[in-house]
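S.K.: Chains as they are written, first to last, in our numbering: chain R, 1 to 435; chain S, 1 to 392.
Please note that a few of the clues may not be correct.
[Unchecked claim] Pairwise CB distance ranges, derived in the manner of DEER restraints:
| # | chain 1 | residue 1 | chain 2 | residue 2 | range |
| --- | --- | --- | --- | --- | --- |
| 1 | R | Glu431 | S | Asp283 | 23 to 33 Å |
| 2 | S | Gln265 | R | Glu51 | 20 to 30 Å |
| 3 | R | Lys125 | S | Glu255 | 45 to 55 Å |
| 4 | R | Val358 | S | Pro262 | 27 to 37 Å |
| 5 | S | Leu156 | R | Ser171 | 40 to 50 Å |
[Stated by the list, open to error] Over the 10 Å line for every Cβ pair with chain R, so calculated as not near, a few chain S residues:
| # | residue |
| --- | --- |
| 6 | Leu95 |
| 7 | Glu164 |
| 8 | Pro389 |
| 9 | Asn391 |
Honestly, the hints are just simulated from the structure, not real lab data. Where is the CB? At the ideal position from N, CA and C, for every residue including glycine.
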Amino acid sequence: MKFRSLKSVIIGATMLAAPSVAYADETCQSPYMPKITGEEEFVYVWTLGKEGIGDESDKLVTVDVRKDSDTYGKVIGSISVGGRNEAHHAGFTADRRYLWAGGLDTNKIFIFDVHSDPGKPTLAKTIDTFVKDTGGAVGPHTFYGLPGRMMISALSNDKDHGGRTALVEYSNEGEYIATHWMPTAEDPRGAKIASDVVDGYGYDVRALIRKNVMLSSSFTGWSNYMMDFGQMLEDAEAMKRFGQTVVQWDLHSRKPKKVMHVPGAPLEIRFAWGPENNYAFTTAALTSKLWLIHADDNNEWHAKEVADIGDPASIPLPVDISISADDTRLWINTFMDGKTRLFDISDPHAPKQIYEKVIADQVNMVSQSWDGERVYFTSSLLAQWDKKGESDDQYLKAYDWDGKDLKLQFELDFYEEGLGRAHIMRFGSGELYGS
Amino acid sequence: MIGWPALNWFVLGFALFLSFGSTALAGDWADAAVARKTEGALGLPKLDHPSDNPPSAEKIRLGRKLFFDRRLSLNRTMSCGMCHIPEQGFGNYELQRAVGLEGRSLRRNAPSLVNVGYYKTLFVDGRETALETQFVSPLIAKNEMANPSIGYVVELVKSLPDYEKKFEAAFGGPATLQRIGQALAGYQRSLIAANSPFDQWKYGGDETALNESAKRGFALFSGKAGCSQCHLVGKEDAVFTDQSFHDTGYGWMREQERQNPPTTQPVEVSPGVVFHMSRKQIDDVSGPALPDLGRYEVTQDPADSWKFRTPSLRNIELTRPYMHDGGFARLKDVLAFYNGGGAPHDRQSQLLRPLGLEKSELADLEAFLKSLTSPDFSKLAEEARVEAPDNW
């Protein structure tokens, strides 16, 4: 197929076959893309503008994380894109030359050149026709690099700003290719509905290439993710509009095959890396449950609740997760109590929490290096969901992990720096692109 | 009569099919809308049209396009139709209170626009007097569509090439502020839905159109319960509003709750799973909750505090949630509030009193209210989706 270049397959296969090599890239990336083979040099932070802070615009912030650099732990670049777009997630193209960063509100996609000068990304292109291109999808969220193209999960639609939405494909050049609407009760699109629950909602999208499996999870529509969090928690009708499903797709044909019942808004999906590990984890944000999405001996995929995350009754709200390269550890952040928790997932059917630490009053994203020795955290969940007043910490914090404890290396206050709300992190390095 | 769950899910399912499936209207929908506006519908009086804005199919077509055009907001994400959703009764039953540009909070529920042409004042505080001018407010309100000025909007519409011929056809000239208002008003005035089972019984002479429970409910509505003191029912037709402002105690009650919120909040995190969050947890992630003084905000007369305009009750089963801030999710909650005499306080309207209605009587009242659902309702959603919303 056109989008499955031999080069990328070889790169992906090499990565999967050599987990013992001391690679140092972040673990939660598309397996199609090349990896950083030394330590990461830069952390790119897709940052939400905030009224009254700096230029108030969304921006891509570059932080120097070269430990021998004079500017280690400092902001060395910032590109404002104009407006507050509800900056959220970002992902590299499979060739890792460009970083696509989306706005959940305005539906703009900003494509940054990160290969020409990895320490100084530039804005190469802006796609501002996403809703029109796609026939009504709203809220470009995950950017998952496939060879030659980008798979994008959306969160909402332009008719009612509810949760019904689609997966969308663009070429690496930014040309629209296709829209794949999520299966619904009215139009399951051939998918088997496992538990009579189907919602048509979207959030993350990830693939297990060797099994030809793609999974999508489900969050909520624009009306909820843009709404004041407290207002929403007190709105019983709004609280009914959260995803309850994980959908299994045929990666090649893009056809939905099975809708699994995973109540409580399943968010990030992380496939295990091991060649025999046919499973992924996801966390249900509202019910604070860790779920295992796994294949049985007949290659039938199932969803299974495997652990509580904190005390679900206190609604800690698990958000981002990061799986270690050896599939034995899973970092789970919980937004409301500002904690990161480490789970031993050696037995994926019986994960156990083995460590926790308060990072700040609020914490959202976590990215760990491939060797697991460095762990980075940022703060912002959504503009209207972040804590208010003095609890509204906005930061990037870098830690070293020695196997027993997280040790702070540096922290950047994104408000004091005049930047805004720090969201997703992606790693960069000049070594990816040769001399 | 079809029961509430069956009819509601039928309408919803049909509307969702229209929303995400294909749309194929027979004939010219805008001509049909003009006929609806000029000929009226069983149970409603003939609509008054401003002398300088007579109905036309071209204006209705243009008004529909403007209504759903997401480009007409500061960041191109909001249109009138994003809050007044056709499949949700031209309101929004997924939210208590509306959410505007960049997620900014509004104090009020997005009201249904069906039969809006019959209101003599607009907004629940009555601050506007004509649909031809009402549109300016949401277009420039910072927490709605947030355009920098209304002149900016006019220039924007003039610059969009897909509008030029449509304004020419409707008005014989280019877009102006007045013409935008007239087109939007023309479309909204066409959103008429009556001919309900109640209308067929009361005004059409069909004894079989209403079941016995609904008939008993109407007797209570216009008698013992006193609802028709404000929700007027005429001999020839019924708009179900006196067009006046009343303090039922509800607005005052909500202000007391705002100042003294409950210490814990039940939150349903997934179907059937309810946790209780502390007030501190809620407050940590909450913006300021603003008061709503209703009509007082227009007149500055303390006597008008917490007065809100009497809403029509037509199609009420499809226009939840209820009250100006969407605070009641079910008709049962509304009926219970009034059965208890509203929320008594010094300035409460003298029209309210504890009703002492029995459970069976409340059920009859609810049956009557559900008999006000028009079979034409879904047609309006179908017309609304004749073309996809405009986006860049």
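S.K.: Hint compliance check: list the failing hint numbers for this structure, sorted ascending.
M.R.: 1, 5, 6, 8 and 9
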